[in-house]
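Novice: Letter by letter, the chains look like this.
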Amino acid sequence: MSLAFQLSEDQKLLQSSAHRFAQDEILPIAKEADRVGEIPRALIDKAYDLGLINLVIAEESGGSGLSNLDGVLVIEELAWGCAGVTTTIVANDLALIPIQLAGSAEQKKRYIADVVGAKQLVSFCLSEPGAGSDVAGIKTRLTKVSGGYRLTGAKQWITNGGLAAQYTVFATLDPALKHKGLTAVVVPAGAEGVSHGHHEDKLGQRGSNTTTVNFDEVFVSDEQRLGGEGEGFKIAMRTLDMTRPFTAMIAVGIARRAAECALGYAQERKQFGKAIAEFQGIQFMLADAYTNIDAARLLTLRSAWLADQGQPNSLESSMAKRFAADMAMQVTIDAIQIYGGYGYTKDYPVEKLMRDAKLMQIYEGTSQIQRVVIARELMK
Amino acid sequence: MKKILVPIKRVPDYEVKLKVAPSGESVITDGIKWIVNPFDEIAVEEALRLKERGNECEIVVVSIGPEGASEQLRTALAMGADSAILVKCESAVDSHVAHEILAQLYSQDTYSLVIMGKQSIDSDANQTGQLLAAKLGLPQATFASKLELKSDWSEVQVTREVDGGLETLSVSLPAVVTTDLRLNEPRYPSLPGIVKAKKKPLNIVEASSLGVDLTPRIKIRKLETPAVRKAGVKLGSVVELVDKLRDEAKVL
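Line order of the protein sequences matches chains V and D. Note that the numbering used here has the first sequence beginning at -19, numbered continuously upward. Note that the numbering used here has the second sequence beginning at 17, numbered continuously upward.
Read the hints as simulated data drawn from the structure, not as lab findings. No residue lacks a Cβ here, since even glycine has one placed at the ideal position from N, Cα and C. One or more hints might be untrue.
Claimed, not checked - As a list, the in silico DSS-like pairs of lysine-lysine whose alpha-carbon atoms are at most 30 Å apart: (1) K26(V) with K215(D); (2) K160(V) with K89(V); (3) K216(D) with K89(V); (4) K19(D) with K235(D); (5) K19(D) with K99(V); (6) K18(D) with K67(D); (7) K88(V) with K18(D).
What the hints assert, rightly or not - Over the 12 Å line for every Cβ pair with chain V, so calculated as not near, a few chain D residues: (8) P38; (9) I44; (10) E87; (11) R90; (12) L163; (13) Y204; (14) L207; (15) V211; (16) V254.
Work the whole structure out from these sequences, hints included.
Specialist: See the structure below:
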């Protein structure tokens, strides 16, 4: 297989359609969504109508059936519009991929097709107040009862937590078993004993809904379990290997928008009688930004492509996510620098982008954990 | 099955800052982004809406241009058109050549309606629809802002925006209708639509095989970019503003 850097006709079309949606629908609401901490439901419905949600979920389950590579092309465009909106959208893929990977035909119908058909949002519940990077330290417990389990525990930082119709939950049969005890179950939001906390007042990506989700003696039948007991860790890791390129591409989208804004501003803003873009101090920041965005995009495309080929991509996707997240932080900080005092105000777009970028270094594996994974892969 | 023919043109994206080629007779198109002419996109949307209102038909989109124009045809297919024809033509196409080719294509099949943009946003000639109707001897209704099709496909009622109001015409079918900006808001191609479009037929016809004279009647002599707007001045007071308006701009 040779290298090819040319997008196909269809890929270009996916990209331009997603870009138009970002330009015409997302961008106009992004600032207000950031201010009030809420995305209009109408926008989610429109995204649903266009198949921009459940990107890599199979067509027979009602998803758009895109490859991971095509999916990330779409995600870059959406994130260019607003990262908070994109996180909301991608959260659906994140919650449904474990079911697609490990669910039975009946589970795929009930927990994917029915949910997608009703245009619902869903959540992936892995993190806990005491278990972030340390996934094996999960305390949410599945206790065996007749016909199934009782699920008890609290999940933290759950995207769409307050809006979801269904949760994909990772819990342990016994904390002493560490990752070998982890088991994945699907829980409808309406089940008795399920509740969610208040919407977190976040620094960035404020439009995306983030809450705690609590499970209090929730009955979970055997039919709600994905795969076998103790297979949860494997399911979660396989899911995150698939979605890590998505997260990396959100960072690329944020950075691209920041760089485009900064380039435009630098060519307009005059000091000392000329556009500030004529000064090398500014040029170097812009040159580095565009170079690093491209590098991050290429790393990300490769890691998504590997996933499509069914090849291991933990190393490559961790490299992509780590590089893209740190890159987005630097690019957005530099974008503010180029805007000077104006960039520090909410009248200009770049401060939001910097706040949105910060989350990229934290969620779905911090930049530090990505480095740990990279090093571990190197020393295998 | 009734057929609607929707000619679409590939034009440079309106967000692209075009540069005039050194010859001064064309613009540099290397590496620029191309789109479906927005008026033609409205035409595609209107055809889709006619079909969705229960008027069973096949929507055929056609474009004249280089091989790359198949991208714009795919866009129309992804929006929901049924099949596409690319008339491959590497040389320049003006309204005259375009209408000759379209007339030839029209006569190769049985179409009940032709819907197309009133003009393209690159050459802005606004005459291909009119020329086509004249050549084929069909009624025409230009600048449509509303379109209603009689369920037996005998006629179409077209509301046009004219100076000082609206004019409504009934034209018998087949006919040529050209679309104005306010006819509708075109949909975006949905992701499943894009995936489905892959399987729809896109036939390629060589322009030279149609027996049409491909010599353009219009020669572009010179292209110029618009004059750069001069920077404004900041004034310190209203008095100064009034002075300038009176003494320099002489508008008061």
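Novice: Look at each hint and say if it fits the structure.
Specialist: A quick look at each hint next to the structure:
1. K26(V) with K215(D): Holds. K26(V) to K215(D) sits at ~25 Å (cutoff 30 Å).
2. K160(V) with K89(V): Holds - the C-alpha atoms of K89(V) and K160(V) are around 28 Å apart, at most 30 Å.
3. K216(D) with K89(V): OK: K216(D) and K89(V) at ~28 Å, within 30 Å.
4. K19(D) with K235(D): violated (35 Å)
5. K19(D) with K99(V): Answer violated: K19(D) to K99(V) is near 34 Å, above 30 Å.
6. K18(D) with K67(D): Measuring from Cα to Cα gives roughly 10 Å; hence the hint holds.
7. K88(V) with K18(D): Cα-Cα ~40 Å, so violated.
8. P38: holds (24 Å)
9. I44: Per Cβ check, I44(D) is outside 12 Å of chain V; nearest 20 Å; holds.
10. E87: Violated, because the least Cβ-Cβ distance between E87(D) and chain V comes to about 5 Å, which does not exceed 12 Å.
11. R90: The claim breaks: R90(D) does not keep its Cβ more than 12 Å from every Cβ of chain V (closest is about 6 Å).
12. L163: holds (24 Å)
13. Y204: Violated, because the least Cβ-Cβ distance between Y204(D) and chain V comes to about 5 Å, which does not exceed 12 Å.
14. L207: violated (3 Å)
15. V211: Since the minimum Cβ distance to chain V is about 6 Å, V211(D) lies within 12 Å and the statement is violated.
16. V254: Given that every Cβ of chain V is farther than 12 Å from that of V254(D), nearest at about 25 Å, it holds.
Going down the numbered hints, you'll see the structure goes against 4, 5, 7, 10, 11, 13, 14 and 15, while the others check out.
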